[in-house]
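Trainee: Given next are the chains, with one letter for each unit.
2 protein chains.
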Amino acid sequence: MLAKVVIVGVGLIGGSFALALKRAGQVSEVVGIGRHPEALARALELGIVDRITEDHADALRGADLVLLAAPVAQTGPILEALLPHLKPQTIVTDAGSTKCDVVAAARAVLGDRVHQFVPGHPIAGSESNGPDAALAGLYQGKKCVLTPLPENAAHDVEKVAGAWRACGAVIHTLSPDDHDRVFAAVSHLPHLLAYALVDDIAAKPHADLLFQYAASGFRDFTRIAGSSPEMWRDISLANRAALLTELDAYLAQLTSMRAMLAAADGVGLQGIYATAQRARREWQEAIEAGSLERRSPNQENT
Amino acid sequence: MLAKVVIVGVGLIGGSFALALKRAGQVSEVVGIGRHPEALARALELGIVDRITEDHADALRGADLVLLAAPVAQTGPILEALLPHLKPQTIVTDAGSTKCDVVAAARAVLGDRVHQFVPGHPIAGSESNGPDAALAGLYQGKKCVLTPLPENAAHDVEKVAGAWRACGAVIHTLSPDDHDRVFAAVSHLPHLLAYALVDDIAAKPHADLLFQYAASGFRDFTRIAGSSPEMWRDISLANRAALLTELDAYLAQLTSMRAMLAAADGVGLQGIYATAQRARREWQEAIEAGSLERRSPNQENT
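These protein sequence lines are chains A and B, in that order. Numbering follows UniProt numbering, in which position 37 of the first sequence is assigned residue number 37; successive positions increment by one, without gaps. Numbering follows UniProt numbering, in which position 246 of the second sequence is assigned residue number 246; successive positions increment by one, without gaps.
Some clues are possibly wrong.
Claimed, not checked - Heads up, simulated DSSO-like pairs for lysine-lysine below, C-alpha to C-alpha not over 27 Å straight-line: (1) Lys142/A / Lys159/A; (2) Lys142/B / Lys204/A; (3) Lys204/B / Lys142/A; (4) Lys87/B / Lys204/B; (5) Lys22/B / Lys87/B; (6) Lys4/A / Lys87/A.
Derived by calculation from the structure, the hints in this document are not laboratory data.
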């Protein structure tokens with residue numbers, strides 16, 4: 001049970017964390033702070049937070065846990081604002097989609113108090129933003145990856161893990177480097193590719209005609225291009241090295257498929273399509289069977 | 001009311017057409033033919049067709065309408081098999097995702113009887129295949145694009161349009177060239193890109209780790225990579241020229257975004273992401289409002 005939780009950024013991610021903790025009866029008071037007064041007011045109105053304030057000293061007084069749920073590039077400035085008021089017993093975590101940059105910012109700002117920062121990343125989301133998109137059930141059955149630091153005490157990591165478990169999440173642990181490489185491939189690159197396609201179509205002179213015939217395949221392929229441009233700019237830049245590696249591999253793959261297409265190499269194309277179909281089917285079946293949870297070498301025994 | 005409809009290929013597309021016509025009470029008898037005896041037997045068992053046969057003369061006797069619902073590369077061979085038994089009053093249509101190649105095959109095989117062939121493409125589908133995936137409601141509210149030939153009589157085009165309308169579809173008309181250019185951009189390219197991503201990930205040494213953390217964004221982005229490899233090999237090859245044009249534009253877009261990423265050009269990336277987000281939101285809103293239907297310059301007054 002947490003007496004006081006502070007949410008920095010009361011949108012989809014922070015708001016859903018607050019709602020889930022409240023539903024689980026695991027928190028007495030949730031205080032919201034953030035850049036956007038109208039979002040804070042809305043979060044208060046929706047009952048996501050119990051109180052909002054612009055006063056960091058007030059917000060942090062007696063806080064057990066602080067969740068940073070703002071675009072990752074703001075991690076440093078937010079921690080700078082919090083640091084003067086950060087009590088020794090308060091643990092700070094985050095929900096950023098990248099971890100190496102967040103850890104670097106935390107080290108730079110917090111110095112020898114970085115042991116109070118436990119980095120995390122809940123693998124859940126939606127292309128909707130803001131407090132109105134927040135859902136108490138957003139994290140139910142989803143993974144939350146923690147990338148603890150050597151400086152973190154085990155009981156502090158457990159405080160963060162326990163809060164996410166109370167939200168329904170399953171805790172996984174990765175190093176920040178592994179985390180960023182994995183998500184560059186399975187999340188950050190697909191976002192960039194989806195944005196690229198929609199922008200490419202929108203820029204064509206006959207865009208209206210094209211959009212008219214776009215159907216359910218297009219809808220699903222481009223759903224993630226509905227995500228926040230600011231958030232994904234930050235993620236792209238924060239995970240630039242790993243994302244460039246994945247993008248280069250993908251460009252090589254497309255270049256090779258372009259050559260097959262130009263040569264009318266149906267066998268080559270069908271080989272790629274068939275491998276992809278099989279791999280995706282196996283992935284989907286494993287997800288449905290829950291075996292990807294059980295198979296995890298880094299997962300806790302929960 | 002059609003007395004007899006012949007379905008060549010009783011899978012998702014052909015099977016759903018048969019089920020929809022039956023549900024609408026618009027057909028007395030549906031006969032199934034095709035390459036796969038087990039699919040035909042299953043379609044009979046499911047009540048999708050009333051009768052199956054291997055005898056083309058038998059199948060075509062007294063037929064009002066024949067729907068080709070096999071991979072597009074088979075259009076020529078199928079028409080060759082049908083031609084000796086094709087009565088003057090029978091109209092043949094197809095459901096292929098490409099039209100220029102289908103029209104060329106029809107002209108080559110049917111010669112001066114090409115007026116009996118009305119090309120079509122229902123814009124509906126699923127990544128599932130086979131008779132078990134067929135649904136009477138698959139075409140409800142979906143577009144069906146016809147690309148009539150100069151040789152087609154208006155009442156023959158209307159026979160095909162009426163059958164699709166009975167299935168719940170909204171008829172649009174495009175030239176075969178326009179059709180193929182449009183679908184290269186909004187359907188064929190996204191399929192190739194999704195296949196490319198899944199194959200790229202599956203080939204990596206740490207593919208298992210990557211798939212373990214793939215979540216809902218990946219699931220939706222790659223849903224179309226679950227589609228039939230044979231069908232999409234045929235479509236890719238059949239619409240090769242238009243698809244190469246779209247792929248080259250996309251490669252140029254990615255190359256430009258790669259340069260932005262390498263230069264840490266957050267303003268440039270955010271500009272593309274924001275344009276894409278806005279364009280997709282407007283598209284989604286237009287779809288939900290039904291205004292893309294009303295806006296169509298080529299759409300019938302229905």
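Trainee: What are the numbers of the hints that this structure violates, sorted from low to high?
Mentor: 4
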